[in-house]
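J.: From the two separate chains plus the hints, produce the assembled complex.
Heads up: the protein sequence lines correspond to chains A and B, in order. Using the working numbering, read the first sequence as starting at 1 and increasing by one per residue. Using the working numbering, read the second sequence as starting at 1001 and increasing by one per residue.
Think of the hints as simulated: they come from the structure by calculation, not from any bench. Because the structure is a prediction, the values reported are computed rather than measured. Where is the CB? At the ideal position from N, CA and C, for every residue including glycine. A couple of the hints might just be wrong.
Taking lysine-lysine pairs in the DSS-like style, the calculated list, with each CA pair at most 30 Å apart, reads [stated by the list, open to error]: (1) A/K68 - A/K35; (2) B/K1003 - A/K319; (3) B/K1105 - A/K97; (4) A/K144 - B/K1003; (5) A/K217 - B/K1003.
Reference listing, derived: stretches of chain A covered by chain B, where coverage requires no fewer than 3 residues with Cβ under 8 Å from a Cβ of chain B [claimed, not checked]: (6) 47–56; (7) 156–165; (8) 198–207; (9) 302–311.
Pairwise CB distance ranges, derived in the manner of DEER restraints [unchecked claim]: (10) A/S312 - B/T1053: 46 to 54 Å; (11) B/F1027 - A/Y44: 30 to 38 Å; (12) B/I1148 - A/D191: 51 to 59 Å; (13) A/E11 - B/N1011: 39 to 47 Å; (14) B/P1017 - A/R255: 20 to 28 Å; (15) A/K31 - B/F1042: 30 to 38 Å; (16) A/S312 - B/K1139: 54 to 62 Å; (17) A/D268 - B/H1074: 19 to 27 Å; (18) A/I103 - B/S1060: 36 to 44 Å.
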Amino acid sequence: MKVSRQSWQFENTPSIRSSATTAGPFEAKSKIAHKIDLLYRDLYMEQSSYEKGHQRMIEDAVNILLRKEKQTKDAIDLFISGDLINQMTPTNFAATKHSIPFIGLFNACATTVGSLALSAALINAQLAESIITGGSSHYAAVEKQFRYPNEYGAQKPPTSQWTVTGAGFGLISHQKGDAIINRATIGKIADYKQTDPFNMGAAMAPAAYDTITTHLKDFGLSLTDYDVIVTGDLGQIGQAILFDMLEDNGFAIDRSTFIDCGLSIYNDDQNVFAGGSGSGCSSLYLYSHLLDMIRSNEISQCLMIGTGALLSPLSALQKQTIPAIAHAVSIKGASL
Amino acid sequence: MSKSYNDKVYNHSPKRPLLFNCLRAFFVGGSICLFGQGISFFYMYFFDFTEQTAGDPTVSTLIFLTMIVTGFGHYDKIAQFAGAGTAVPVTGFGNAVISAAIEHKSEGFVQGVGGNMFKLAGSVILFGVFSAFLITIIKTLLLELGVIG
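Pulled out of the complex, with its shape left as it was, chain B reads as follows (with noise of 0.2 Å):
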């Protein structure tokens, strides 16, 4: 009974179309990375960066655009139409940050916005570093075993 509901449900359930998703995604994604990497290029040209340092600015000059965007209430539909290509780049962890701020002003400062910004996010920080950690230790015994140089 269950396995043919489930046959029902999955032949009446409208596939993600995952090709073409994945053309926006690389698409939308690649324009956000290509732009960033002219943010880049702005900061090493016109103001005194290297190639090294130019990352930090570049990136809170993103996420700052992201804010307006957020803001405004048109990342969410940009999202819905790029999906992954939204939500990889660090526009897509500002978003998180931010909406989560806006959507939980109501309920205070410290227990809503503060609570709940990074309800989404912190799961990227979280294991964002733990992986870091792993990739660190991994990194150090091929090191000391002399695997790498």
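Bound conformation, chain A alone (with noise of 0.2 Å):
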């Protein structure tokens, strides 16, 4: 049901019924790392370029997401996700191998949370009965692509971000599962000016920021109605800045019910600078760690927002500013 212009409700329940995770061998020292279903030994993945390495782990995630659910392909209707890569080439590939109705949806690191709503919104219209849904990333081939990689021999300052090697997927379903969808907030694009690659979460903050307090007063909730605000890959300036955003607007916010999936991945000595990123980054920690945390009852209702710059490493020479955006989705566990 469309709530305002920006936000739906829906009364049908759309479920995360399972999900898969693969990612890779820096990863697989993470604090996340015993939740994820598939580690790679190396960044190639037994593929011969970092490319295919990225969609042998998506084809993996999904092939694993199937193999829970015990079933074929064919049973389900869609498949909806996205990558950072030009032309979202890995998700494409992967997507020709599994022969699923497809949509490639690109928000950069917002692609997981933007997939979600919309692959629930199409549950929850009866359009659809499954849908597999996520997103993925791979440091390497993100690297070589957007940033001014560190292999040249530049310094990174602290304030840039760790590029995510992971994938998530979800199967949602219109079977009432143990991790429900109820609402969804569509983003606008916010662009405060930015224009530093290596600081996106100064770039993404104040989509957050508008993202949130849209979604409260759609929905006529506050901060508190949450068990858990996470956030996709703000990093720690973005979310130092959300906080004073939020504080500034006269929202009070208790700081340890907000995460950052960027911050919460990686072990305090891997050192990631200001936090992990990519469209890897939220779709890992969501498909693992929060879900577990959902189905266990540990939370019982969570706002799940996804973070994107839209930034390409054209707009970025061409000191363009960086556009992002941020999704909103609303998980609430089955006992609520």
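T.: Following this line, the structure appears as structure tokens:
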């Protein structure tokens, strides 16, 4: 049901029935490694290029998901996903192999949550019965394309972020499961004229702020209605700015209820600068650790906000600003 | 709005540790140069090279060693620590060429390796040659005018 121009309420209990995650060797040393279904020994994932390795991660995650659900791919109505590589070829190639009807979606690192919101809406509208959705990113493939690679011998500033190598997918179904998506808010682009690709948290924080406050206003909720507010990859700086913006505008916030996926994946001794990022960052955390916490009733209601910095290497070199987007979905446990 | 937002960003962004970075660059960069000087002396002492001619084999040796360190994936880690200390010496130039060649091997030898090898190093060559050209003109003028002998 349409609640406002940006917000949707789902009455037909679209649910995340099960999920699967795959990740790289650096993530194998992370805090959430034991929750990840498949970890690879190196960044090539037994393929001849990083891009093919990226594709392999997606294929494997989807296969694991189908195995867990004892489903064949023919039982899946739709595959909605995306990644950060040019024209999203890793996802496109993976979709070729699975031959499930497919919509590629690019919202940079907000892809995971954007596609989850859309999947829930389609299930809720009874246009599909089961959808596989998620997101992925690959450190080396993204570095090669996006950033001034550290491999060229450049020193990264402390504000930069580390692209997560990981893929996370969920099976969204019309059958009521133990993680129900009940609300979604689609974000508008926020552009606060940030130009530093080494400080994406600063570009994304206003988008997260805008989507969170719009969500609360549209549904008449307050921050305390959620056990946790999970942001995708704001990192240290983005999160600090978000806290500031919320407090400046009169929100009383309990900082312990805010989780940033980029700050919650890696161990303290893994130097990832301002935190993890990438469309695999939120998907890896959501579809492994966060979902587990919802299933085990540790969390009964959470607001998940995917944040994306919509820059390209070209736009950054042409000194364009970094537009940012954030989408939110509310996920609740079945006991509520 | 925009100014106060930029202030917020500035306040929350950890600064680059400039002094510390300079010190690290100085010592790592200095060590590379010291090592290079050692190689120079080696060629002068054991082979038939003079101070003027020892430069070429020294640079080749340094680049060869860089190739090994880059190939095994260690140069970027040293570079994150040393910053300009590993970027400015010839080893930094070597690393930029070699890492690009490795990274773009998947796109083939002509358009991949060949087309991208000098992605970063190309600028160094272009502006290096251009500044040498400018300096030569200035020197020639000064010589002609009798300002310098």
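J.: Broken hints, numbered, in rising order?
T.: 4, 9, 15, 16, 18
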